[in-house]
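Protein chains: 4
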Amino acid sequence: MMKVGFIGLGVMGKPMAGHLVDAGHELIVYNRTSAKAQELIAKGATGAASTGEVGQVSDVVITMLPDSPDVEAVLFEDGGLISTLKPGSLLIDCSTISPEAAAAIGGQLAATGIQFVDAPVSGGEIGAVSGKLAIMMGGEVEAVTRAEEVLNAFAGAMAHVGPVGSGQLVKAANQMLVAGNIAIVGEALSLLQRTEVDIDSALGVLNGGLAASRVLEVKAPKMLERDFAPGFRLDLHYKDLRIALAAAEHAKIAVPLTGIITQLVQALRSAGDGGEDHSALIKAIERLSGAATPVKEGAL
Amino acid sequence: MMKVGFIGLGVMGKPMAGHLVDAGHELIVYNRTSAKAQELIAKGATGAASTGEVGQVSDVVITMLPDSPDVEAVLFEDGGLISTLKPGSLLIDCSTISPEAAAAIGGQLAATGIQFVDAPVSGGEIGAVSGKLAIMMGGEVEAVTRAEEVLNAFAGAMAHVGPVGSGQLVKAANQMLVAGNIAIVGEALSLLQRTEVDIDSALGVLNGGLAASRVLEVKAPKMLERDFAPGFRLDLHYKDLRIALAAAEHAKIAVPLTGIITQLVQALRSAGDGGEDHSALIKAIERLSGAATPVKEGAL
Amino acid sequence: MMKVGFIGLGVMGKPMAGHLVDAGHELIVYNRTSAKAQELIAKGATGAASTGEVGQVSDVVITMLPDSPDVEAVLFEDGGLISTLKPGSLLIDCSTISPEAAAAIGGQLAATGIQFVDAPVSGGEIGAVSGKLAIMMGGEVEAVTRAEEVLNAFAGAMAHVGPVGSGQLVKAANQMLVAGNIAIVGEALSLLQRTEVDIDSALGVLNGGLAASRVLEVKAPKMLERDFAPGFRLDLHYKDLRIALAAAEHAKIAVPLTGIITQLVQALRSAGDGGEDHSALIKAIERLSGAATPVKEGAL
Amino acid sequence: MMKVGFIGLGVMGKPMAGHLVDAGHELIVYNRTSAKAQELIAKGATGAASTGEVGQVSDVVITMLPDSPDVEAVLFEDGGLISTLKPGSLLIDCSTISPEAAAAIGGQLAATGIQFVDAPVSGGEIGAVSGKLAIMMGGEVEAVTRAEEVLNAFAGAMAHVGPVGSGQLVKAANQMLVAGNIAIVGEALSLLQRTEVDIDSALGVLNGGLAASRVLEVKAPKMLERDFAPGFRLDLHYKDLRIALAAAEHAKIAVPLTGIITQLVQALRSAGDGGEDHSALIKAIERLSGAATPVKEGAL
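Residue numbers (our numbering), protein chains in the order written: chain A, 1 to 300; chain B, 1 to 300; chain C, 1 to 300; chain D, 1 to 300.
Quick caveat, the hints were computed from the structure, so don't treat them as lab data. Keep in mind that a hint or two might mislead.
[Stated by the list, open to error] Below are the DSSO-like pairs computed for lysine-lysine, each with C-alpha atoms no more than 30 Å apart in a straight line:
| hint | chain 1 | residue 1 | chain 2 | residue 2 |
| --- | --- | --- | --- | --- |
| 1 | B | Lys-252 | C | Lys-86 |
| 2 | B | Lys-252 | A | Lys-222 |
| 3 | D | Lys-43 | D | Lys-132 |
| 4 | D | Lys-252 | D | Lys-36 |
| 5 | D | Lys-252 | B | Lys-252 |
| 6 | C | Lys-132 | C | Lys-239 |
| 7 | C | Lys-239 | B | Lys-239 |
| 8 | D | Lys-239 | D | Lys-252 |
| 9 | C | Lys-36 | C | Lys-86 |
| 10 | C | Lys-252 | B | Lys-239 |
| 11 | B | Lys-252 | C | Lys-239 |
| 12 | D | Lys-222 | A | Lys-252 |
| 13 | A | Lys-132 | A | Lys-43 |
| 14 | C | Lys-252 | C | Lys-239 |
| 15 | B | Lys-252 | C | Lys-132 |
| 16 | D | Lys-239 | A | Lys-239 |
| 17 | C | Lys-252 | D | Lys-86 |
| 18 | A | Lys-252 | D | Lys-252 |
| 19 | D | Lys-86 | D | Lys-36 |
| 20 | A | Lys-252 | C | Lys-252 |
| 21 | D | Lys-43 | D | Lys-3 |
| 22 | A | Lys-36 | A | Lys-132 |
| 23 | B | Lys-3 | B | Lys-86 |
| 24 | B | Lys-36 | B | Lys-239 |
| 25 | D | Lys-239 | A | Lys-252 |
| 26 | D | Lys-222 | D | Lys-239 |
| 27 | B | Lys-222 | B | Lys-252 |
| 28 | D | Lys-252 | D | Lys-222 |
| 29 | D | Lys-43 | D | Lys-86 |
| 30 | A | Lys-3 | A | Lys-36 |
| 31 | C | Lys-132 | C | Lys-222 |
| 32 | D | Lys-252 | A | Lys-222 |
| 33 | A | Lys-252 | B | Lys-222 |
| 34 | C | Lys-222 | D | Lys-252 |
| 35 | B | Lys-36 | B | Lys-86 |
| 36 | B | Lys-222 | C | Lys-252 |
| 37 | D | Lys-36 | A | Lys-239 |
Work out the full structure, taking the sequences as your base and the hints as a guide.
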């Protein structure tokens, strides 16, 4: 068992940290809003007064923060992690940030003898609570092997996908795929809902062939019930799509569908729906045609 | 067992008809190119000299033809099926045609006392040969129940999805979903291939989460190997997307992604690749950026 | 002066025919709804009882009809034009139809010794009334020269743009350009209207540079005043964009922007706005973001 | 006449500054690469050793820099303009930066009693050399009136379009319109070039109607001659489109066409063509269809 520091106890971070205690690790936690740490302290974790203090006493530190600037602040601000982490220690960043930012962080840490793994997760709050997240890891083999021992506490699946930054690239691809699948399911359902088709029967047979997807299986029923409680908020998906667009620019490939899907997500945010689940994307398709509510129009 | 007529012995139709013989039905077959019937006749089927003759001797007739005009010709030309089919007989059209055409055919047949079921299939040549097609049926309950007894010979999954024309609507939705999923997988892979990511590991973890789809599972490996042997040809998928666009127009809903994806498919056809598998759509993304061959550019 | 037949006295055709009388031509008119011919007969034209009769007595016949099937019916139905037009006579089709249909008609007429020019017009009802239409002519030099003598009566500009069908191809390009310019003006205005920018001042300076266009000059003010009285109806523009998409397919070039703009036009039609002027396209952009009415949001 | 400082003597800035000398202003210039100042000093301008020095001796300072960070550095770095500009002086920023950045700068300057006008220009190097730029000004009336006296030296057209930041918003709209018009001209020409249409005749008639635009007039001939020497580089247009996308996000309106056009520009940059004129956008359309060179395919 290891001394593990954890910084960022949000909706995802708190249950992830909880699994580390359950797995028997000696846990040191820090959160800007210290109240969020109480539950974990009650479970046996130690609270730290600053991010620097977390670095001082940990062998491995996990960060789970909203965006690149947050991770950079925790690391590089006065008295931040980089000034207290010991050479030979390991930083695992589970945040979703840009691949370029991850690569830059990895480079700066390497210069001071600190190992770095970017390890963004997929699976949402449900996956964090159940300890079944999919984790995409980028880094040196030795560092990734070490990271796996810790991340194992809340992983459903883990893969070492390449050098530092690769985890973020695969996460970016993941978010493109999910948004694309949601958008096209939105178009297909918008069509079927305006016909006399029995949609439940249709979904059954669609999921039996090449059109099958986890999105069609999990999200289509919620779209039909107009249940858009998150899940995963459109505001966050928008952030992730911007990361994907920047990664594509960097890799020198244009992604026209991702470009337009990002605008569909932006349309929902413009309409004040950024806090809804990403499956609410179907509303952009409907609104475009001036049809807020699906109405059976009898297309036959 | 029934007297079943079968018209249209192409790549799909021939194995479908074969399963009917295997299932013990008395089969009468007709194909414009009569040579294609020989194999089935050798298996025990009877050859007919005209479509009219098929109608005369069958209780149930199945058509499996390229497009609406072909189905209409077989039915309504001089001496066509409609002039010989007996009241009370059943026509099952397994072709992929427009929902409007299917509804019109159903209406005309009903006026002469002939039952009609539109029953387009999904699963391609592999599904036809293995007898595991997914079949989407539109029609009256009684007619659909009767159709199931016959279609059962080559069905992996069957669903009654609504009144006449509904089978075609669900098939249109199916083709939108498949094209959309292929297109976004094309963008995601084009990105990852231009980075240092280990793509096999990446596909593993992507297929473990919300990004999972049958397309990602089945088509992504072929895209990576540049194996674009059909499978399902882009020329046919283009035809189906035009049916979907027309169906959306009819149902009064705009489908912007389907509009642009149809142009991507059209780009492949323009480049002379219409005979390749629809997974070749990834080439449109690559060509747009002037990158015919994926090259590792080291995005990190 | 010539004996000129005119078939199709709609919103465009009636004023066009009127200019021919004014120019001194001996005019024979036919319209399915014969009442529409009365005004022209009062002006000195002769009414014909059938399209065949028009062909019998004319040297030159002009058709101005809604779509390809209408032109084909007038020509090829029992007793239609092709059975009465004399060898050496000239048919000028001013309708907007597909280039392929125009080429096919030209071929059939050539086989019977009749000259053909496709001569679609641009400029709308205003241009027809003022006799200042832009006319794009496809055909043999001799036929086009002859056509110019007649069309001169209502032309602001004329150009011989290539062989038969070329007029329709240029008209298709014209409709792509107009729709594209309207759509991007719709996006730019939607943005500016949600800021503190003084839009009248902005339009002045935008029209002074590379962003200048006839659409920005003529249509932007109407968009701002929400004056969507046609002008040119979205339903007709949709028809023309479908012709353009088919022409691009035939010429083996994909047109992704036209593909998506066609869906934006379709969205307006779906919402019941197909009878409004094409400048109403701005409403699709606004509706997508859930913003039916532009509201100053103070973007600064 | 006034004491005018000028910072940023690039391709645009140098000729703009030259016009100020010609107009009789007392000019103080600064450029990071001081060699660029020599020509102006030879013309009678005074060279400054730092941006701070420019602020110290000027009543009005003009900045003409590549992007927001450059403007912010010149203003806010140690010893930057803000520390030396006197209360009551005026800063005019002619750079194209984000409206939000402009508004933030305006706010900070106002707090120290310095007037600010954002005044991005349109017209490119040609307009700068000829002194005929279109200038979009945002700011308080008094400041804008004062700015006009100076900018008059190189303005073809000037407009006060709203409060601080409005100039940048109108410039963003300008760049959306130009890119949109270029993109749709690219599609229309790509189509016509693959037919037997005589394109010169076609351009004549297209420019005579509602399809007319400055882009069609000025850029289409260059596209046909494959003359893509800038003019205005795609790399810069990409930067400006990203500003426009961010402005639209801020104003709460989705802009789907701008989203996809930005990806087309990105495709050119990915292919290594970012240094070409923005009219090279036509190459993205051609490449998508696998057609690097336009070939007459005889579409009729």
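Here is what the structure says about each hint:
1. B:Lys-252 - C:Lys-86: violated, 46 Å
2. B:Lys-252 - A:Lys-222: OK: Lys-252 of chain B and Lys-222 of chain A at ~23 Å, within 30 Å.
3. D:Lys-43 - D:Lys-132: holds, 20 Å
4. D:Lys-252 - D:Lys-36: violated, 42 Å
5. D:Lys-252 - B:Lys-252: holds, 26 Å
6. C:Lys-132 - C:Lys-239: Measuring from Cα to Cα gives roughly 23 Å; hence the hint holds.
7. C:Lys-239 - B:Lys-239: The given pair, whose Cα atoms are some 19 Å apart, holds under the 30 Å limit.
8. D:Lys-239 - D:Lys-252: With Cα atoms ~20 Å apart, Lys-239 of chain D and Lys-252 of chain D stay inside 30 Å; holds.
9. C:Lys-36 - C:Lys-86: Holds. Lys-36 of chain C to Lys-86 of chain C sits at ~27 Å (cutoff 30 Å).
10. C:Lys-252 - B:Lys-239: holds, 15 Å
11. B:Lys-252 - C:Lys-239: holds, 15 Å
12. D:Lys-222 - A:Lys-252: holds, 26 Å
13. A:Lys-132 - A:Lys-43: Holds. Lys-132 of chain A to Lys-43 of chain A sits at ~21 Å (cutoff 30 Å).
14. C:Lys-252 - C:Lys-239: holds, 20 Å
15. B:Lys-252 - C:Lys-132: violated, 36 Å
16. D:Lys-239 - A:Lys-239: holds, 19 Å
17. C:Lys-252 - D:Lys-86: Violated: Lys-252 of chain C and Lys-86 of chain D sit about 64 Å apart, past 30 Å.
18. A:Lys-252 - D:Lys-252: With Cα atoms ~29 Å apart, Lys-252 of chain A and Lys-252 of chain D stay inside 30 Å; holds.
19. D:Lys-86 - D:Lys-36: holds, 27 Å
20. A:Lys-252 - C:Lys-252: Holds, at roughly 26 Å.
21. D:Lys-43 - D:Lys-3: holds, 16 Å
22. A:Lys-36 - A:Lys-132: Judged against 30 Å, a Cα distance of about 22 Å means the pair holds.
23. B:Lys-3 - B:Lys-86: Holds, at about 13 Å.
24. B:Lys-36 - B:Lys-239: Between Lys-36 of chain B and Lys-239 of chain B the Cα gap is close to 24 Å, so the pair holds against 30 Å.
25. D:Lys-239 - A:Lys-252: Roughly 15 Å between the alpha carbons, so the hint for Lys-239 of chain D and Lys-252 of chain A holds.
26. D:Lys-222 - D:Lys-239: OK: Lys-222 of chain D and Lys-239 of chain D at ~23 Å, within 30 Å.
27. B:Lys-222 - B:Lys-252: violated, 36 Å
28. D:Lys-252 - D:Lys-222: violated, 36 Å
29. D:Lys-43 - D:Lys-86: holds, 27 Å
30. A:Lys-3 - A:Lys-36: holds, 20 Å
31. C:Lys-132 - C:Lys-222: holds, 22 Å
32. D:Lys-252 - A:Lys-222: holds, 26 Å
33. A:Lys-252 - B:Lys-222: holds, 23 Å
34. C:Lys-222 - D:Lys-252: holds, 23 Å
35. B:Lys-36 - B:Lys-86: With Cα atoms ~27 Å apart, Lys-36 of chain B and Lys-86 of chain B stay inside 30 Å; holds.
36. B:Lys-222 - C:Lys-252: Within the cut-off at roughly 26 Å; holds.
37. D:Lys-36 - A:Lys-239: Status violated; Cα separation ~41 Å.
Of the numbered hints stated above, those contradicted by the structure are hints 1, 4, 15, 17, 27, 28, 37, listed in ascending order.
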